[in-house]
Amino acid sequence: MKISLFNTMGRKIEEFVPREAGRAGLYCCGMTVYNFAHIGNMRTYVFEDILRRALEMAGYEVRHVMNVTDVGHLTSDADEGEDKMIVAMRREGKTAHQIAEFYTDAFFRHADMLHIARPHVVCKATEHIPEMIAQVERLEANGLAYRAGGNVYFDIEKFPSYGDLAGLDMENLQAGARIEVDKAKRNEHDFALWFTQSKFENQEMIWDSPWGRGYPGWHIECSAMSMKYLGEQFDIHCGGIDHVPVHHTNEIAQAEGATGKKPWVRYWVHGEWLVMGEEKMSKSKGGFVTVDTLVERGYDPLALRYFCLQAHYRQQLGFSYDALDGAATALSRLRENVLALRKETGGTAAELGDDHPALAEFQAYLADDLNVPRAMSVVWNTLRSDRAAAEKLALVYRFDNVLGLGLEDYEPPREEIPEQVAALVEERLAARKAKDWATADALRKRLADMGYALKDTAEGTTVTKHS
RNA sequence: GGCGAGGUACCCAAGUGGCUAAGGGGGAGGUCUGCAAAACCUCUAUGCACGGGUUCGAAUCCCGUCCUCGCCUCCA
Numbered sequence: 001m002k003i004s005l006f007n008t009m010g011r012k013i014e015e016f017v018p019r020e021a022g023r024a025g026l027y028c029c030g031m032t033v034y035n036f037a038h039i040g041n042m043r044t045y046v047f048e049d050i051l052r053r054a055l056e057m058a059g060y061e062v063r064h065v066m067n068v069t070d071v072g073h074l075t076s077d078a079d080e081g082e083d084k085m086i087v088a089m090r091r092e093g094k095t096a097h098q099i100a101e102f103y104t105d106a107f108f109r110h111a112d113m114l115h116i117a118r119p120h121v122v123c124k125a126t127e128h129i130p131e132m133i134a135q136v137e138r139l140e141a142n143g144l145a146y147r148a149g150g151n152v153y154f155d156i157e158k159f160p161s162y163g164d165l166a167g168l169d170m171e172n173l174q175a176g177a178r179i180e181v182d183k184a185k186r187n188e189h190d191f192a193l194w195f196t197q198s199k200f201e202n203q204e205m206i207w208d209s210p211w212g213r214g215y216p217g218w219h220i221e222c223s224a225m226s227m228k229y230l231g232e233q234f235d236i237h238c239g240g241i242d243h244v245p246v247h248h249t250n251e252i253a254q255a256e257g258a259t260g261k262k263p264w265v266r267y268w269v270h271g272e273w274l275v276m277g278e279e280k281m282s283k284s285k286g287g288f289v290t291v292d293t294l295v296e297r298g299y300d301p302l303a304l305r306y307f308c309l310q311a312h313y314r315q316q317l318g319f320s321y322d323a324l325d326g327a328a329t330a331l332s333r334l335r336e337n338v339l340a341l342r343k344e345t346g347g348t349a350a351e352l353g354d355d356h357p358a359l360a361e362f363q364a365y366l367a368d369d370l371n372v373p374r375a376m377s378v379v380w381n382t383l384r385s386d387r388a389a390a391e392k393l394a395l396v397y398r399f400d401n402v403l404g405l406g407l408e409d410y411e412p413p414r415e416e417i418p419e420q421v422a423a424l425v426e427e428r429l430a431a432r433k434a435k436d437w438a439t440a441d442a443l444r445k446r447l448a449d450m451g452y453a454l455k456d457t458a459e460g461t462t463v464t465k466h467s
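Under this note's numbering, residues 1 to 467 are what the first sequence spells out, in order.
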């Protein structure tokens with residue numbers, strides 16, 4: 001199984017060839033933990049999780065690293081606006097550390113609910129300040145950084161390939177199209193590596209540095225930490241599409257500027273937005289829906305995962321509750337199918353050769369720049385095929401190693417049935433036995449009004465809550 | 001102003017030159033059932049924003065038009 005990926009650097013699909021045979025180094029940009037992750041954020045992590053699982057299915061030993069940015073980022077590169085962490089502190093009356101810890105925990109709780117595998121390394125920005133300082137010092141030593149107005153800036157004039165990732169046209173880029181340009185910069189597109197000049201009182205997240213007490217720039221944490229855990233050059237770096245023009249562009253400049261080695265990263269892979277209606281989901285517009293919101297509305301979090309699997313990662317995906325309902329229904333049918341197959345086979349899946357045609361088809365789609373929607377169609381076509389039940393079961397389990405829907409471990413929820421309800425069910429059973437259909441149906445209706453649905457099967461009547 | 005992504009059925013969404021335009025949801029019909037529910041089966045775009053063009057052949061390539069979204073502040 002050879003995997004091809006769309007490399008943002010170069011904008012074309014390339015076969016994945018790791019630096020070291022059999023191993024894949026994967027760095028995924030994580031959250032800035034000043035608020036909950038919304039489902040748009042989570043879509044990107046689902047995509048990255050699929051990428052990791054696909055690499056594993058292809059036989060690579062994956063080392064998956066993700067950062068947690070727990071140091072405040074200003075709302076603007078011009079040292080204006082407010083620090084997000086400080087806004088959160090004021091909003092919630094907590095310390096920066098408490099804010100970061102709370103939202104970090106919330107993020108991983110949500111990720112777990114979506115069956116997003118934990119990265120092998122989760123690194124916090126605040127625990128890597130020395131590494132960041134060291135990288136800024138390297139940049140200074142290489143003549144790529146300068147001090148001005150108390151801050152340290154990266155000098156993009158000294159890095160000719162700046163902007164290659166995004167295809168930026170530096171001549172026509174309008175800095176300050178929406179913000180004030182920092183007057184201390186030599187070039188308006190230079191970006192800060194280290195700040196000592198802060199407008200904010202009670203800026204509690206500051207550290208000593210060769211340039212004075214301050215805090216790091218917005219991009220340095222990812223280049224410093226990814227290099228610490230994956231080496232000065234590594235295989236794959238991913239994140240949301242928004243990272244292309246600024247964050248990753250700056251990371252490349254910092255990393256390659258510090259080490260002098262190119263390319264720093266072999267494959268850049270970016271996920272598209274989840275959009276609400278016609279707009280991208282964000283805090284200021286388009287609503288703010290979290291995994292918890294979905295749970296409160298009665299959804300299984302995995303319905304969101306299933307929903308994400310229906311679209312290609314490089315296409316915007318239009319979210320609506322109608323569409324999510326569709327995914328939730330499809331997921332429960334998939335589970336019903338698995339339960340039926342288990343029953344038919346006694347739970348024993350067939351032995352499966354690695355060259356099984358259905359598996360090969362599934363993998364071929366996956367290997368083609370993660371065409372998961374197509375891979376999903378293989379799942380359904382397999383279920384509908386005339387293959388033996390044990391074979392289908394084995395295939396579905398194998399598919400699910402990548403899909404991550406937890407099908408092998410799925411058990412229907414055991415409902416706690418109140419005595420009163422149980423009594424009515426018994427009463428109805430008696431009526432049915434007596435073929436008193438009118439009474440039986442009336443009781444069924446009454447139970448339905450109470451929120452309990454009945455299923456009369458060959459093995460007896462089952463009761464489920466809700467629906 | 002610059003750059004990028006799109007417009008495929010009622011909804012979500014694959015497909016980028018060639019058999020009958022994946023798959024899921026929804027809807028319709030059917031099997032099963034005392035009737036239901038669940039599950040399963042069948043059907044559901046002679047059509048791919050619009051207008052031209054290239055080609056034996058286009059949703060797919062080219063030109064033009066209309067529309068939507070994103071980025072150029074931090075953002076997944």
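Hints were generated in silico from the structure; no laboratory data involved.
Using N, Cα and C, we set each Cβ at its ideal position, and we do this for glycine too.
Please note that a few of the clues may not be correct.
Heads up, simulated DSSO-like pairs for lysine-lysine below, C-alpha to C-alpha not over 27 Å straight-line [to be verified]:
| no. | residue 1 | residue 2 |
| --- | --- | --- |
| 1 | Lys262 | Lys2 |
| 2 | Lys445 | Lys455 |
| 3 | Lys465 | Lys435 |
| 4 | Lys2 | Lys12 |
| 5 | Lys435 | Lys445 |
| 6 | Lys261 | Lys158 |
| 7 | Lys158 | Lys183 |
| 8 | Lys445 | Lys433 |
| 9 | Lys183 | Lys343 |
| 10 | Lys455 | Lys433 |
| 11 | Lys455 | Lys465 |
| 12 | Lys343 | Lys124 |
| 13 | Lys261 | Lys12 |
| 14 | Lys465 | Lys433 |
| 15 | Lys465 | Lys343 |
| 16 | Lys124 | Lys2 |
| 17 | Lys262 | Lys124 |
| 18 | Lys343 | Lys12 |
| 19 | Lys94 | Lys158 |
| 20 | Lys183 | Lys228 |
| 21 | Lys124 | Lys94 |
| 22 | Lys158 | Lys262 |
| 23 | Lys465 | Lys445 |
| 24 | Lys455 | Lys435 |
| 25 | Lys228 | Lys262 |
For each label pair, taking beta carbons as the anchor points, the in silico distance ranges come out as [to be verified]:
| no. | residue 1 | residue 2 | range |
| --- | --- | --- | --- |
| 26 | Asn371 | Gly460 | 39 to 49 Å |
| 27 | Gly406 | Gly212 | 19 to 29 Å |
| 28 | Pro413 | Arg384 | 20 to 30 Å |
| 29 | Pro210 | Lys261 | 19 to 29 Å |
| 30 | Met450 | Arg11 | 34 to 44 Å |
| 31 | Ala458 | Ala323 | 29 to 39 Å |
| 32 | Ala453 | Lys94 | 41 to 51 Å |
Consistency of the hints with the structure:
For the suggested pair Lys262 and Lys2, the alpha carbons sit about 24 Å apart, so the restraint of at most 27 Å is met. Restraint check: the Cα-Cα separation between Lys445 and Lys455 comes to about 13 Å, which is no more than 27 Å; the hinted pair holds. At most 27 Å may separate the alpha-carbon atoms for a hinted pair to count; Lys465 and Lys435 meet this at roughly 25 Å. Proximity of Lys2 to Lys12 is assessed by CA-CA distance (about 16 Å); at most 27 Å being required, the pair is judged to hold.
Taking the CA atoms of Lys435 and Lys445, the gap is about 17 Å. The hint holds against a cut of 27 Å. For the suggested pair Lys261 and Lys158, the alpha carbons sit about 15 Å apart, so the restraint of at most 27 Å is met. For the hint pairing Lys158 with Lys183, the CA-to-CA distance comes to about 19 Å; that is within 27 Å, so the pair holds. Proposed proximity of Lys445 and Lys433 is supported: the alpha carbons are some 18 Å apart, at most 27 Å.
Restraint check: the Cα-Cα separation between Lys183 and Lys343 comes to about 71 Å, which exceeds 27 Å; the hinted pair is violated. Proposed proximity of Lys455 and Lys433 is supported: the alpha carbons are some 15 Å apart, at most 27 Å. Taking the CA atoms of Lys455 and Lys465, the gap is about 11 Å. The hint holds against a cut of 27 Å. Distance check on the hinted pair: Lys343 and Lys124 sit about 46 Å apart at the alpha-carbon level, beyond 27 Å; violated.
Taking the CA atoms of Lys261 and Lys12, the gap is near 22 Å; set against the 27 Å cutoff, the hint holds. Of the pairs offered as hints, the one joining Lys465 and Lys433 holds, with about 24 Å between alpha carbons and a cut-off of 27 Å not exceeded. A distance of roughly 23 Å separates the Cα atoms of Lys465 and Lys343; the hinted pair therefore holds under the 27 Å criterion. Distance restraint check for Lys124 and Lys2: the Cα-Cα separation of roughly 33 Å exceeds the 27 Å cut-off, and the hinted pair is therefore not satisfied.
For the proposed pair Lys262 and Lys124, the alpha carbon gap of about 26 Å is at most 27 Å, so the pair holds. A threshold of 27 Å between alpha carbons decides the hint, and for Lys343 with Lys12 the separation of about 46 Å lies outside it, so the pair is violated. For the given pair, Lys94 sits about 42 Å from Lys158 by alpha-carbon distance, which is inconsistent with the 27 Å threshold. A threshold of 27 Å between alpha carbons decides the hint, and for Lys183 with Lys228 the separation of about 33 Å lies outside it, so the pair is violated.
At roughly 19 Å between alpha-carbon atoms, Lys124 and Lys94 fall within 27 Å of each other, so this suggested pair holds. Taken as a hint, the Lys158 and Lys262 pair is honoured in the structure, with Cα atoms around 15 Å apart against an allowance of 27 Å. A C-alpha spacing of about 14 Å is found between Lys465 and Lys445, which places the hinted pair at or below 27 Å, so the restraint holds. With a C-alpha separation of about 17 Å, the suggested pair Lys455 and Lys435 falls inside the 27 Å cut-off, and the hint holds.
Between Lys228 and Lys262 the CA atoms are separated by roughly 17 Å; this keeps the pair inside 27 Å, and the hint holds. One distance hint, 39 to 49 Å for the beta-carbon pair Asn371 and Gly460, holds here, with the actual separation near 43 Å. Between Gly406 and Gly212 the beta carbon distance is about 51 Å. The supplied range of 19 to 29 Å is therefore violated. At roughly 26 Å, the beta carbons of Pro413 and Arg384 sit within the given window of 20 to 30 Å.
Checked against the hint of 19 to 29 Å, the C-beta distance between Pro210 and Lys261 comes to roughly 24 Å, which is consistent with it. Taking 34 to 44 Å as the suggested C-beta distance range, the pair Met450 and Arg11 does not conform, at roughly 58 Å. For Ala458 and Ala323, the Cβ-Cβ distance of about 35 Å falls inside the hinted range of 29 to 39 Å, so the restraint holds. The supplied range of 41 to 51 Å is met by Ala453 and Lys94, whose beta-carbon atoms lie about 44 Å from each other.
Violated hints, in rising order: 9, 12, 16, 18, 19, 20, 27 and 30; the structure is consistent with all others.
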